[in-house]
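Colleague: Throw the hints in and build the complete structure from the sequences for me.
Offset between the sequence shown (1-based) and my numbering: plus 284.
The set of hints was computed from the structure by calculation and includes no laboratory data.
We treat Cβ as the ideally placed atom computed from N, Cα and C, and that holds for glycine.
Just so you know, not all the hints are guaranteed correct.
Said to hold, decoys possible - Heads up, simulated DSS-like pairs for lysine-lysine below, C-alpha to C-alpha not over 27 Å straight-line:
hint, residue 1, residue 2
1, 386, 324
2, 448, 487
3, 379, 688
4, 744, 688
5, 287, 386
6, 576, 653
7, 626, 653
8, 688, 609
9, 749, 688
10, 448, 744
11, 386, 441
12, 744, 653
13, 749, 406
14, 379, 749
15, 406, 744
16, 749, 386
17, 576, 609
18, 632, 610
19, 744, 287
20, 653, 688
21, 441, 744
22, 576, 487
23, 379, 406
As the list claims (entries may be wrong) - Ranges between beta-carbon positions, derived for each pair:
hint, residue 1, residue 2, range
24, 738, 334, 29 to 35 Å
25, 738, 322, 34 to 40 Å
26, 418, 699, 20 to 26 Å
27, 336, 685, 43 to 49 Å
28, 314, 334, 43 to 49 Å
29, 636, 692, 56 to 62 Å
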Amino acid sequence: MKKDTIAAISTGMTNSGIGIVRISGEEAFDIIDKIYKGKKQPSTVESHTIHYGFIVDEEHTVDEVLVSVLHAPRTFTGENTVEINCHGGTYVVKKVLETVIKYGARPAEPGEFTKRAFLNGKMDLSQAEAVIDVIQAQSEYALQSSVSQLQGSVKHKIQAIREKILYHTAFIETALDDPEHISVDGYGDTLYQAVEEVLEEIKLLIRSSDDGRILKEGIQTVIVGKPNAGKSSLLNVLSGHDRAIVTDIAGTTRDILEEQIQLQGLSLNIIDTAGIRETEDIIERMGVERAKEYANRADLVIWVIDASCPFDESDEEILELISDKKSVILLNKIDLNVMTSKEYLLCKLNSLSDNSNELEIPIIEISVKEERGISELEEVIQHMFFEGEISFNDEVYITNIRQKAALQAAEESLVRVMESIENQMPEDFYSIDLMDAYESLGNITGETIGEDLVNEIFSKFCMGK
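Modeller: As structure tokens, this is what we get:
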């Protein structure tokens, strides 16, 4: 069936040096021939070439342009594609698009170019989803992860797992159809071991989703501490500007302040909270309760302690609060007379530990005022979350909730296979659950996904991509 030829602006809608209008579809060359004026008609030139000329609407010149001509199937969408590189003013780019639409194209829907690439087999669904992740990447690691997925890291891993499942499913089905020539006697033990191995691979991918979420969304970080410990000053230093009001008056921060910063290739979504202490002030007390709520939900808690003050009941309360969280303790104001030492804090941590569960929380001596210890904090955080280094060559990170849900569904199906083997159920029970796992994994690559879900996924893409 003939598809519409679509067009959209593929660059940001702001004044810039260059704007790009993309056309994709069977009539792309016919349309550009009608509106392009240059030495040669675009439909007659070689693929993957660029040509100088003008976009015209009858006798009226719209803009001076460079036109890229790309023949199917070696294009992003797999269709004939034209990219018009025009001047980047918002008005002129819109005029070029209006001209393209006037002569036969229709406006593309959000994500429709990538959707066509998926439907035409140029990429699987995990790669298509990685396209928008590349666009939205907020840190170096998020970008590397998305590019890795775009190159097929998730696709290849899922394909390999599905092939293993399909092999055993096909063997069982064939044996059931031809029992005279193919025996399944004792095959349960072989299948059990194979499913165990596949299940471990799937569990590893599911576990990677926590790291994947952090790569994609950033580390949800909360700064806690008593009033006037230096929390807001720390936020200002990490963000590189005066984000929070800093005074010598305890309790200045009463509401929640949020800031996203880049640290060693990672993104930290930092929340500066109200100082935790007993107070009669209703507004301040509400801020303290919110601080505790945010700390309970955080990926990382940074506890700032004023080393120039003695350890008190409020500190004891905070210590209890962070004892089961991934945390870093910053012993601030070490440039002053120290009343709470690192050794004292180590003793406090040891007192909360038992032999089976040692409480290990890094303690860093810093001076926010003199910006001492900040680089050590950055290194500690990176090591805490990714052991100091992330490799996208061998590791596959699941960053997508939809993909994680599909993996969990496959896991449940494979667990049922193992239970059926343990209970010595008939072989066709194995086959049913194996195929369920196979189908669930196919949702990740898009091989077994419905049209409605495909439309929903691509509707979240930006226009022109």
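Colleague: Each of the hints needs a verdict: does it hold here or not?
Modeller: A quick look at each hint next to the structure:
no. : hint                  : verdict
1   : 386 / 324             : holds, 22 Å
2   : 448 / 487             : holds, 16 Å
3   : 379 / 688             : violated, 43 Å
4   : 744 / 688             : holds, 18 Å
5   : 287 / 386             : holds, 17 Å
6   : 576 / 653             : holds, 26 Å
7   : 626 / 653             : holds, 19 Å
8   : 688 / 609             : holds, 24 Å
9   : 749 / 688             : holds, 25 Å
10  : 448 / 744             : violated, 33 Å
11  : 386 / 441             : violated, 45 Å
12  : 744 / 653             : violated, 44 Å
13  : 749 / 406             : holds, 14 Å
14  : 379 / 749             : holds, 19 Å
15  : 406 / 744             : holds, 20 Å
16  : 749 / 386             : holds, 21 Å
17  : 576 / 609             : holds, 12 Å
18  : 632 / 610             : holds, 17 Å
19  : 744 / 287             : holds, 22 Å
20  : 653 / 688             : violated, 43 Å
21  : 441 / 744             : holds, 25 Å
22  : 576 / 487             : violated, 32 Å
23  : 379 / 406             : violated, 31 Å
24  : 738 / 334: 29 to 35 Å : holds, 33 Å
25  : 738 / 322: 34 to 40 Å : holds, 38 Å
26  : 418 / 699: 20 to 26 Å : violated, 35 Å
27  : 336 / 685: 43 to 49 Å : holds, 46 Å
28  : 314 / 334: 43 to 49 Å : violated, 19 Å
29  : 636 / 692: 56 to 62 Å : violated, 34 Å
This entry does not satisfy hints 3, 10, 11, 12, 20, 22, 23, 26, 28, 29, going by the numbered hints stated previously.
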